[in-house]
Structures are given as C-alpha cells and as structure tokens.
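2 protein chains.
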Amino acid sequence: MAVDIREQTLADWGEFSFIGFLRDRLPASHPELLLGIGDDASWWRPAGGEVLTTTDMLVEGVHFDLAYTSAADLGWKSLAVNLSDLAAMGGRPACVYLALGLPGTTRRSWLEEFIDAFLELADHYGVQLAGGDTVRSETLVISVALNGIPAAAGPVRRAGARPGDDLYLSGSVGDSFLGLRCLQGRLSVSGPAGIFLRERHLRPRPRVELGAFLGTSGMVNAMLDVSDGLIADLGHLLSASGGWGAELEIENLPLSSAAREALRAGMCDYPELLTGGEDFELLFSLAPDRFPELAAAVAGVGVELTRIGRITSKPGIFLLGPDRLPYQLDGKEGYDHFQTRDC
Amino acid sequence: MAVDIREQTLADWGEFSFIGFLRDRLPASHPELLLGIGDDASWWRPAGGEVLTTTDMLVEGVHFDLAYTSAADLGWKSLAVNLSDLAAMGGRPACVYLALGLPGTTRRSWLEEFIDAFLELADHYGVQLAGGDTVRSETLVISVALNGIPAAAGPVRRAGARPGDDLYLSGSVGDSFLGLRCLQGRLSVSGPAGIFLRERHLRPRPRVELGAFLGTSGMVNAMLDVSDGLIADLGHLLSASGGWGAELEIENLPLSSAAREALRAGMCDYPELLTGGEDFELLFSLAPDRFPELAAAVAGVGVELTRIGRITSKPGIFLLGPDRLPYQLDGKEGYDHFQTRDC
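Chains X and V supply the protein sequences, listed in that same order. Taking my numbering, I'd label the letters of the first sequence as residues -13 to 329. Taking my numbering, I'd label the letters of the second sequence as residues -13 to 329.
Chain X with its partners taken away, still in its complex shape (with noise of 0.2 Å):
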C-alpha cells in the first residue's frame, strides 16, 4: 500500500529531515547575507552598518484558533505582524528567524504549507530565512524574530509627535475585527464582502513599502502600526510623545465598503472598529504643510492614506463625532495580553 509522506507525523519525519526541507526550500542567498541556516547562529552584513530588530510570538488559543486558520494562513501571519513592526520603523526587512514550538503529531503536510506560505511573504519582501529553532511543544507557538536596517535618516520612532500635527491612517481600520467575527461564526457577511473581511484578519498585508517610503522621506514626525487597536495604539504613541492629545474625527474614519455595510446595518459599531486590532495599518503625524510633498512621494505605492485627525496640547483622546461633537468610547480603550479575550 503506498503511503503519502506527506501525512508523517514531525515525530515520524524528524527534527533534521524538516530542517533539511527547510533549507532546500530556501531561494539562492540574500546578497547581504554570508551565513544562514545550519551554523549556530547567521552571519550578517546590514548596508549600512545598522539594525532594526523586532519580535513577535503568537500562542495557539490566544493569537489563532486552527479551526478556521490554515496552515498557510499562520505561516503568513505569523511573518506578517513583523514585517508590520520593522515598517512601522521606516525601515527595510532582511532577515528573519523562526523558532517554533510543535506537537510531534503535527503533519508534515501541515508543516509544508506553513513554511511555504512564510517563505512566499518572506521573498515578496525580499525577507531572508537566516535561522531559527525547532523544539517539541503540546501547544503550537511560533516566535519570529526579524532584523532589518534602518532608513539612512535613521528610523521614523514613536515619539516625536508635536501638537498641530495632521494624524494619517494607512488603508482601512477595522476589517480585522470584523473577519474575526465572520471566522467565530458571531457575524454573518456573504459573497465578497465576507471573502475581503476574513482575508484581512487571516492574511494581513503589512504595510512594507509605504512604511519604507514614510522612513525614507524623512517627513513623518512619529509613527507606529496599529495592532492593539486604533485608540490603544494612538494612546501608546501619545505617550512615547511625551503626554500630547489627539482629536479623532469618526466620520473621517477610512472604511471599507464592507465595514461601512456593516455599520450600518448594525452588526458592529464604531468603538468595536477603532479598537479591535490587529489592523496592521500605519498610524503617523506629519506637519499639515508637508501632506502633499508626501502624497506626491508616496502615490507609487497604492496604499490610500487618510487624515483622521490632528495632535492636541491638551492630554487625553477626543473622538468628534458628526457636527464635531464628543464621541464616547464606553471604557473600551485598550488591550492588555492579560485580560481574558476572544482570539
């Protein structure tokens, strides 16, 4: 009887068999990069001279639930949140290690489609694997770690907002959340609508260039990208700025057609879309008179920028809603790790 090996158990098919996968899958080397996988650490010569590091882990039953992603998805994912981080920098990605944690009943076919989908995000962005580790876990757990290098202006951080500067918002908010919604069966949006609202929370498209381009241009005051939700995260960058306030204008809000629909057949509202998360949009204030410089700039990218609102001296976030009148958010404000939540 022929047995598909693709079905072997991780335990069955072993540590190094899936590193050795791993290594062939792997496309000829990044020129920057001198020694990658298969040492006991890589070797790295960034152009010049410096680096952006971040990490992400992602735990299963607290950031995914296998029942609606995939394989694919999670490979994807997983890649994704840092890839957001570094853009979030200014910066540009280079190489990228991945630790994994696995049960030995994971399929080999399961661990193909993940590392495959990694490695298509990695070479779209021109991403190295570079190295990582491989251990046994009951649960899943994947933690990236990912270096890159900076703009030669240096990286665009999240202090350094000023009061009177114009806040933009990449792309559209709150379509993560509402996908999430779809995926647990607690929403229902059919056709393609549903499709666009599960793909953005399954298959994130970090905002890679427009974050390299805002770095390289040298005009964004602070940055950051939105992944605890919009308010918690203009809170954060609030704060690295030294205590400012901002104005948020809901009507001003980017939409998708989808979220809008959404709205307004009362299946969500506004304090679940501006707080929701894992958005992976960028967030970042600009001098009101350098806006067009920068939509010139950037226009080759095709991410849609909006202004949603403006920093304040006054402390505290203000939501205007229609007629500029106050907006309450009812507590729903931020996201601890800690507090029990829906994954």
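By construction, these hints were calculated from the structure, which means they are not laboratory data. A couple of the hints might just be wrong.
Ranges between beta-carbon positions, derived for each pair [unchecked claim]:
1) V:Asp(-2) - X:Ser243: 38 to 44 Å
2) V:Tyr54 - X:Asn238: 45 to 51 Å
3) X:Gly228 - V:Gly228: 54 to 60 Å
4) V:Ala53 - X:Arg11: 38 to 44 Å
5) X:Ser95 - V:Leu315: 46 to 52 Å
6) V:Ser95 - X:Ala14: 46 to 52 Å
7) V:Ala53 - X:Gly228: 44 to 50 Å
8) X:Glu185 - V:Arg172: 51 to 57 Å
9) X:Thr292 - V:Arg(-8): 44 to 50 Å
10) X:Ala283 - V:Pro149: 57 to 63 Å
11) X:Glu185 - V:Ala138: 46 to 52 Å
12) V:Ala138 - X:Ala33: 48 to 54 Å
13) V:Gly307 - X:His110: 51 to 57 Å
Within a straight-line C-alpha distance of at most 25 Å, the following computed SDA-like cross-link-like pairs (lysine to any residue) qualify [claimed, not checked]:
14) X:Lys300 - X:Arg148
15) V:Lys300 - X:Arg148
16) X:Lys300 - V:Gly24
17) V:Lys300 - X:Phe2
18) X:Lys300 - V:Lys300
Predicted, not measured: the structure shown is a model, and the values here were computed from it. Using N, Cα and C, we set each Cβ at its ideal position, and we do this for glycine too.
Using the hints provided, position chain V relative to the given structure of chain X.
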C-alpha cells in the same frame, strides 16, 4: 490587611506595568544601542557593521520542569543557552530580545526573579535587553533571540575541520546530565558534588569569554557548542565540514571529580555522559601545531581545554577505549527534539 504586591498575578499587574518594571530594571543604555525597549523595533549600530544572530525556544515540560527549576534558574538558563551559541561562533554578544508566553496566573515575584537572573547574566557580559514580546500562554514558553558581532577575522563556523586536526573540548562533559538525574530523583549524590552537578544543569556557564578569544585568535578551524550531546554535536561538526570522521579517546574525556566518582560507583556509564546533552561547552578543531600558541592566548580565561581526539579522513565517529580498543555506544547517538525524552 497589608497585601504583598509581589504576590499579584500577571493578570492583575498587567502587561504594561510589567514592561515598565522591565525598563526600570535596565542599566544605562549600551553604547551601541541607539533605541531599546518601547518602540516597534530596537535600533542598534554594531561595531564593525556585521551581525551574528541566534535564537532558542524553551518550553515548560519539554526543556524544563518547574518542580525543580526556580524562576531565577530559568531566567539565567534561557539567556545562557543563546550566549553559548554565540560563543560557538567566536563572537561577542550585544543585544538580546526576550519573548515570553506566560500564564495569567504567573506571580509578580516569580517574574521579578526570572528577570533579575536574566539581567544579572546579561550585565555580566555587557549584553543589553533591547526588546521582546509578552503574551498570554497556558504553557510557559521562552523564546530568546540574540544579536552579537563576529571577530574581525569573521565567525568560526562548524564547517572547516580537516583530517589531522586535533579535537578540543572546554571544561568537562556529562555533569549536566548527572545533575538532571539528581534533580529528577533518579540519582543520589550528596554534599558539594551533588550541588555542583545540579548547578551545572540549572545554571550553565556559557563560554562567552573563551569563545570570543578563540574567535579573535583566528586559529580554530571549526567550532560548535555541545548542547545535544557530545557525540551528536561532533556528528554535526563532521557533517558540516564535508563528511570527515573522528576518533574520540574515551579515557581522555574531561570529567569533573563528581562525574568521575559517579562513573566509578557505577551510577552512570560513558555512553550517558557522551550523549546526555546540555553541557554548553565548546568543541573545536585545530591543527596540532597551533595548540601551544592558542593555549598561551587563552590562558587568562581560566577554562581548561582538553584534547579529546582527532579528525580522520575515514567517515564516522570511532570511540577508543583503554588501550585504544574500539568502544561501542549501543546506538545512543543523537538527540532529536521530537523523540520522546526526559526533560
């Protein structure tokens, strides 16, 4: 009634309070680190412009057992295993990134002890905690990534051993295996010998200074650290070097007095000491005529180096017992993370 805040759980203390605690614990910034904890990524300018990177993941119940591993032991060891990898490249460690998956019930006191021991070891070697991630996980998971810099002559790789090279090992082998057996209650060694063995398992001393000296010397042909067991790691070195073989002289193996005593008392055998793993010693190969010069160069480090055998052109690992008679390992040769095994 007074409440001891150190008995708070992480769920009460909160992720951001923990990060604030961490930042307060950090020493004044590292001269090369331009931006540390608190942004989307860290920013670092490595002296010499080149980077070595390694990463290791430790999982509760697989790599450690909290029944006999204290928070401080674990904090220490999770950095030590990465320092050992960097030492094995002949490099100098610089910036470390700590990703923690923690149950919400983790006590503040536990975390403080973990961090204090991690930072004690980091400070000792001038390593700066520059970033990380803190997430919720039912199973305790620690994933560390470490960036460092190679010696000016470049890193010492696994590849590079040549027939005729002598094989050297730092320190002693098998202590960690015996210490683990003691901790598991499977072996009883009392007094200072028992304390020594348990310490060798729980608080390994990575050969950071020795590794950097060996790297700078430019004399070492191939090197790695012994983590999977001496035989398995020697196999990795031979395979990376193009498939040469090696002769190991059993009677020349450096054993501590405690291990020698355990061997004499029949509490263990050579195969166990050779395959037990987690020695975190450096294994390297060298042209025979270079040793006197090398020994003089590293004399100040205070770590004993022992010639344990040589590289042969005949493939395979050949153990020589008393009178250079062949010695059999009975198939206990490697470590695969997905084989079931004691932690």
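TODO: Check each numbered hint against the structure and report the violated ones by number, ascending.
DONE: 2, 5, 12, 15 and 18
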